[in-house]
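Following the hints, complete the assembly by docking chain B onto the known chain A.
Listed in order, the protein sequences are those of chains A and B.
Under my numbering, residues 39 to 249 are what the first sequence spells out, in order.
Under my numbering, residues 68 to 137 are what the second sequence spells out, in order.
Source of the hints: derived by calculation from the structure; they are not laboratory data.
All of these numbers come straight from a predicted model, not from anything done at the bench.
With a straight-line cut-off of 25 Å between C-alpha atoms, the simulated DMTMM-like cross-links for lysine to aspartate or glutamate are:
no. : chain 1 : residue 1 : chain 2 : residue 2
1   : A       : Lys-74    : B       : Asp-87
2   : A       : Lys-130   : A       : Asp-109
3   : B       : Lys-102   : A       : Asp-225
4   : A       : Lys-130   : B       : Asp-122
5   : A       : Lys-238   : B       : Asp-97
6   : A       : Lys-210   : A       : Glu-48
7   : B       : Lys-70    : A       : Asp-112
8   : A       : Lys-60    : A       : Glu-48
9   : B       : Lys-70    : A       : Asp-76
10  : A       : Lys-74    : A       : Asp-94
11  : A       : Lys-130   : A       : Asp-228
12  : A       : Lys-69    : B       : Asp-97
13  : A       : Lys-190   : A       : Asp-221
14  : A       : Lys-74    : B       : Asp-97
15  : A       : Lys-119   : B       : Asp-122
16  : B       : Lys-102   : A       : Glu-231
17  : A       : Lys-60    : B       : Glu-98
18  : B       : Lys-105   : A       : Asp-76
19  : A       : Lys-239   : A       : Asp-225
20  : B       : Lys-70    : A       : Asp-167
21  : A       : Lys-214   : A       : Asp-173
22  : A       : Lys-119   : A       : Asp-167
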Amino acid sequence: MIVSKMESPEATRIDYQQGTKKFTEIVEKLKLTYSKLDASNWYSVSEPAYNSILEDSVITAIAKTHNPYLDHLDPILVSRKYLLNKQYIYEKVYVLLTNQTCEFELPEGSNALAKGYLVNIYGQPGDQDYSNYIDIYFSCKDHSKVESWAGKTLTVGNYTNYYCITFNGVTKERLKVKNYWYDEQQDLSDWDEFWVAECKKRKIDPLSQLS
Amino acid sequence: MIKPYTIISTRQEVSGTGVDFSVTVRTMVDEPGFKDVKLSTSKSFIFVPEGEDIDNYLHNCLLNSGWIAQ
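Just chain B, with the same shape it has in the complex:
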């Protein structure tokens, strides 16, 4: 199973887990006279409430924010 993001670190916080993560998306820029590959990276932090699965929660957030597509 390949994860489309990287969890950099986690730390226990009051009523949940703090997660530092990164996600990178590669897209093709294909415009008249210009063709290139663009990398977009987000390094960010997310708070995962107690009782939630970290991967599932993070994945849903990235899906809803458009960093991951179906």
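Chain A on its own, in the form it takes in the complex:
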């Protein structure tokens, strides 16, 4: 089952749920390079997709739950990024974000949902610091507003659409726009409901945060 589809300026990425044939195929290919890989805690894995910031073809594995060594960052989700040519591995931490805590400008009518950034884990290959690239995930009432920021037409899902803008964390420069679309309700299709639940866990009133 496809759990997510994402389009960026350079590629379209498709994520497959654990238990599917595609998931197994991708994991088996990864194991040819990483023999100590353990995919049992992965919710999904993506096909390789080129990432212009990492300058590599990247496989993304979304974890079912994160390991305690990341607890101090208070993640709402964690994924692992495998850079296929450089053979680097990074973890991506997604933390809760609200319009009040978002330091980056978003299209009018947007609601900030999460911030994502890469972290280096000791022992994993790859010591380049990418933590300055900040992904801001958000919803927006007006799809056309995001399209005008992206400078192109973005695919519209029949059920939901969510977005991400990658910023330079220091200069706040907008680097690229990514679009996630869902044609039907499934586990990952309701980011705003997930966001409300994460707000409540942290005793944040979600209604007071919306634009």
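Just chain B now, with coordinates in the frame of chain A:
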């Protein structure tokens, strides 16, 4: 740089270093009718031979024993 384990203490020993450490792994148990998060912790001791980097040696041991995955 985040370390996926914690070194609790070290002590100099003959021809190496004794290291007390802990590592904790969180996994999702997802079975029919039962879904929960499981924490598994190992608090243990390792002897790191003289000349070996403590972190590198410990990391490789944890990787080879399955406590850490690539």
